[in-house]
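**Q** Construct the complete structure from the given sequences, taking the supplied hints into account.
Residues per chain are reported as follows:
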Amino acid sequence: MTISGKTAIAGIGATEFSKESGRSELRLAAEACLAAIKDAGLSPSDVDGLVTFTADSNSEIAVQRELGIPGLRFFSRVDYGGGAACGTVAHAAMAVASGQADVVVCYRAFNERSGHRFGQASPSSRADSTGLEFSWHLPYGFATPAAWVAMQARRYMHEYGATSEDFGRVAVAMRKHAATNPAAWFHGRPITLEEHQASRWIVDPLHLLDCCQESDGGVAVVVTSLERARDLAQPPAVIEAAAQGTGPDQMMMFGYYTGDLAALPAMGAVGDQLWRRSGLTPADVQTAILYDHFTPFVLVQLEELGFCGRGEARDYIRDGGIELGGRLPVNPNGGQLGEAYIHGMNGIAEGVRQVRGTSVNQVPDVRNVLVTAGTGVPTSGLVLGAAG
Amino acid sequence: MHQKLMELAERLAALGEQPGGECPDPVNTAMIRNWTQALGDPGAWDDAAPPAMIQVWSMPGLSRAKGPSVADDPLRMLNEHGYTGVVATNCEQTYDRYLKIGEALTSRMRFGGIAGPKKTAMGEGYFVTWYQSWYDENDERVAEMLFRILKFQPRQRAGGAKAKPQAGGRYPLRPAIGKDTQFYWDGVDAGELRIQKCADCGALRHPPGPMCPQCHSTERTYAVASGHGTVHSYVVHHHPPVPGRTPPYVVAVVELDEGVRVVGNVNGCPVEDVRVGMPVRLIFERMDDELTLPQWTPEGAPDPAPAPEPAAAPDGRRVELTPTFVIATALATRDFTPVHHDVAIAKAQGSKDIFVNILTTMGLVQRCALDLAPGAVLESIAVRLGAPAYAGDVLTVTGERVDDRTITVRGTVSLGDHVTATVRLKGDA
Chain A
1 MTISGKTAIA
11 GIGATEFSKE
21 SGRSELRLAA
31 EACLAAIKDA
41 GLSPSDVDGL
51 VTFTADSNSE
61 IAVQRELGIP
71 GLRFFSRVDY
81 GGGAACGTVA
91 HAAMAVASGQ
101 ADVVVCYRAF
111 NERSGHRFGQ
121 ASPSSRADST
131 GLEFSWHLPY
141 GFATPAAWVA
151 MQARRYMHEY
161 GATSEDFGRV
171 AVAMRKHAAT
181 NPAAWFHGRP
191 ITLEEHQASR
201 WIVDPLHLLD
211 CCQESDGGVA
221 VVVTSLERAR
231 DLAQPPAVIE
241 AAAQGTGPDQ
251 MMMFGYYTGD
261 LAALPAMGAV
271 GDQLWRRSGL
281 TPADVQTAIL
291 YDHFTPFVLV
301 QLEELGFCGR
311 GEARDYIRDG
321 GIELGGRLPV
331 NPNGGQLGEA
341 YIHGMNGIAE
351 GVRQVRGTSV
361 NQVPDVRNVL
371 VTAGTGVPTS
381 GLVLGAAG
Chain B
1 MHQKLMELAE
11 RLAALGEQPG
21 GECPDPVNTA
31 MIRNWTQALG
41 DPGAWDDAAP
51 PAMIQVWSMP
61 GLSRAKGPSV
71 ADDPLRMLNE
81 HGYTGVVATN
91 CEQTYDRYLK
101 IGEALTSRMR
111 FGGIAGPKKT
121 AMGEGYFVTW
131 YQSWYDENDE
141 RVAEMLFRIL
151 KFQPRQRAGG
161 AKAKPQAGGR
171 YPLRPAIGKD
181 TQFYWDGVDA
191 GELRIQKCAD
201 CGALRHPPGP
211 MCPQCHSTER
221 TYAVASGHGT
231 VHSYVVHHHP
241 PVPGRTPPYV
251 VAVVELDEGV
261 RVVGNVNGCP
271 VEDVRVGMPV
281 RLIFERMDDE
291 LTLPQWTPEG
301 APDPAPAPEP
311 AAAPDGRRVE
321 LTPTFVIATA
331 LATRDFTPVH
341 HDVAIAKAQG
351 SKDIFVNILT
361 TMGLVQRCAL
371 DLAPGAVLES
381 IAVRLGAPAY
391 AGDVLTVTGE
401 RVDDRTITVR
411 GTVSLGDHVT
421 ATVRLKGDA
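Sequence lines, in order, name chains A and B.
My numbering numbers the first residue of the first sequence as 1 and each following residue consecutively.
My numbering numbers the first residue of the second sequence as 1 and each following residue consecutively.
Bear in mind the hints are in silico, worked out from the structure with no lab data behind them.
Mixed in with the good hints, there may be bad ones.
[As the list claims (entries may be wrong)] Covered by chain A, according to a simulated footprint, are these stretches of chain B (three or more residues, beta-carbon under 8 Å): (1) 176-190; (2) 262-269.
[Claimed, not checked] Away from chain A, derived, C-beta distances all over 10 Å, residues of chain B: (3) S69; (4) A88; (5) R110; (6) P117; (7) R148; (8) S217; (9) T230; (10) S233; (11) P240; (12) P241; (13) P243; (14) G244; (15) L282; (16) D289; (17) K347; (18) E400.
Backbone N, C-alpha and C fix where the C-beta goes; we use that ideal spot for every residue, glycine too.
**A** Right, dumping it as structure tokens:
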């Protein structure tokens, strides 16, 4: 039994991306959901399922009330920070494919820049299982996502000879893409590799320009059956495969204790499932949306997902390899480094646009798009494709 | 505003001493007993009142409205111009003589002056000073007090940035400890780095957990690590600020000779000297009175210098700031300001909780000085006020005898210094 090919993303919606939205997170969620529902040619009364992140502050019933949805038959949350992004679509697709719901909206909305900022150190720790995980690290001032990723990045550099400039090429590519995307925060503001190298240290080996921005905003997508999606307003983006995954000894960004620090086994597990369930290979996707909260993990993902061998990503991305026109354009919207940090949900929306052929930075002849979620944490992924 | 404020200050200072009024009650044993009980003061005050109680005698109490103060007009002007923040900075009491039971007092006030505008940690502000004096039935002065506050323009705090606690406070980055990790931290306190070991199959494991993932046994023991390993990976933290830490600092994954990995700081060498593969050895770093962390230093590096004198010397006195303590001492000093007894009002005014009042702080400083110089007669107490002493915290009071006639006293809470004080003793003591 499989859900592959049975469901589709029929609508996408977003607020503007900013540093200070000036409105409540619930309002951002409601605006993004309504935009997605309208994009699909549906109305809130058609919706009977809502899915969001465990980390989201807007409950499903709060969003239901704002939108005037008469009732929900399916509601669910996905945990582990940005690793939840594609997981919300996976849950929605399972609900639709199994008949638990007909139209499910997945959303994420926050004031991550003007409100609670994830990049700041937080000294709190509780004695639950997550709090105890953090307790092996926080007392050492090892307290921010940039630091946690940098620990793996250093080992990756050591093992494969990758350099800070290799990481910088990812940032340059993303800012180049954002420069021609009017919705991107960094629209019209590309950077050079020299600027990347000159930017200040955040956590050595990561410079400021290795770290994605912080954003306020909301994004939502509408999942329904492929059959129904064919009758709606937009060309369906077929969910060819959806997967979640963890690796051995999985922790929240602390995968240091066993195994290889220069790898992301959870993403490897997700990639294996995506290729197997979709029947596709890396050669079958024309563009990829790779979660880019920090540049080094874009390189590791290319390896885990099979686009190149271990340690080869730095050669793969050289000479514009992941830029528009390159061998695999990555994040044509500019990614989270360039467009906005909406915990990966804006990447799913870009994947849908690429399948529809409506992106401002459209890759030619897109048939299939790979989308990934947060790395270093339990994660998820999607393969989206055009309907035959 | 500045010009007008300074003119007003000059006019007020020229007025000299203004009548304050009679103190509600004569110096009496009941109020002294309330005070010693609430503060936990062991002194035998049978004939004379504790000198640090001086302000208590003129406190108006709950039902009587606070009378006009010589500083009302300038404080109002500062409020109207955006200097709405207020924090007490100094309180200096000079005792001409000790008071006997039964004496009736009157008090008078005079305006001191205004200094500013000054840039301070709180924001731009003006220091406002006034004096209160107490007189006996013969109109002889028995004590004088200087009181100084800072009126400041509250600064917009940058989002998320947190004030770093001052040196000497409680280290803010504390581990949560659970049933499955208690043995590890007990080991740290015992000077050991303990690695969980399955009591059935012998597998080593870090971080520890309740069930052996190899054989599913829940029987656990531990091995004590030899304390030698190599740096498997590391980072140098620069930004953002982390409470309790001074960047740049190194965090490393250390692979122990026993085969498990741990995370810790690498101390004892410049951050740029750290390398993947570098041999390191275990050291223990004392973060504060209660928390020690296993840490790492290059193999061959000398032992680090012993930690700087902790905030509380062994003879420091710990005062548990229970709500009962905070409230009882406020009322025993006849201070009915709501921030010292009503949590909701304290929070509404921007405080974390109710906090110890200044009259009590003066009493605790007095006690510390008399612990160090039993039988001495106090000439004056001058305190600088720092972080609030909130309910739920612990105030540690330590004193040092500087010379025959001088004692310095320091009181610290988790936020840093609550009070630093100089106590002068009379020469004939």
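**Q** None of the hints should be skipped; say for each whether it holds.
**A** Comparing the hints with the structure gives:
{"no.": "1", "hint": "176-190", "in the structure": "holds (count 5)"}
{"no.": "2", "hint": "262-269", "in the structure": "holds (count 4)"}
{"no.": "3", "hint": "S69", "in the structure": "40 Å, holds"}
{"no.": "4", "hint": "A88", "in the structure": "28 Å, holds"}
{"no.": "5", "hint": "R110", "in the structure": "46 Å, holds"}
{"no.": "6", "hint": "P117", "in the structure": "30 Å, holds"}
{"no.": "7", "hint": "R148", "in the structure": "33 Å, holds"}
{"no.": "8", "hint": "S217", "in the structure": "18 Å, holds"}
{"no.": "9", "hint": "T230", "in the structure": "12 Å, holds"}
{"no.": "10", "hint": "S233", "in the structure": "4 Å, violated"}
{"no.": "11", "hint": "P240", "in the structure": "6 Å, violated"}
{"no.": "12", "hint": "P241", "in the structure": "7 Å, violated"}
{"no.": "13", "hint": "P243", "in the structure": "5 Å, violated"}
{"no.": "14", "hint": "G244", "in the structure": "7 Å, violated"}
{"no.": "15", "hint": "L282", "in the structure": "14 Å, holds"}
{"no.": "16", "hint": "D289", "in the structure": "15 Å, holds"}
{"no.": "17", "hint": "K347", "in the structure": "19 Å, holds"}
{"no.": "18", "hint": "E400", "in the structure": "31 Å, holds"}
Of the numbered hints stated above, those contradicted by the structure are hints 10, 11, 12, 13 and 14, listed in ascending order.
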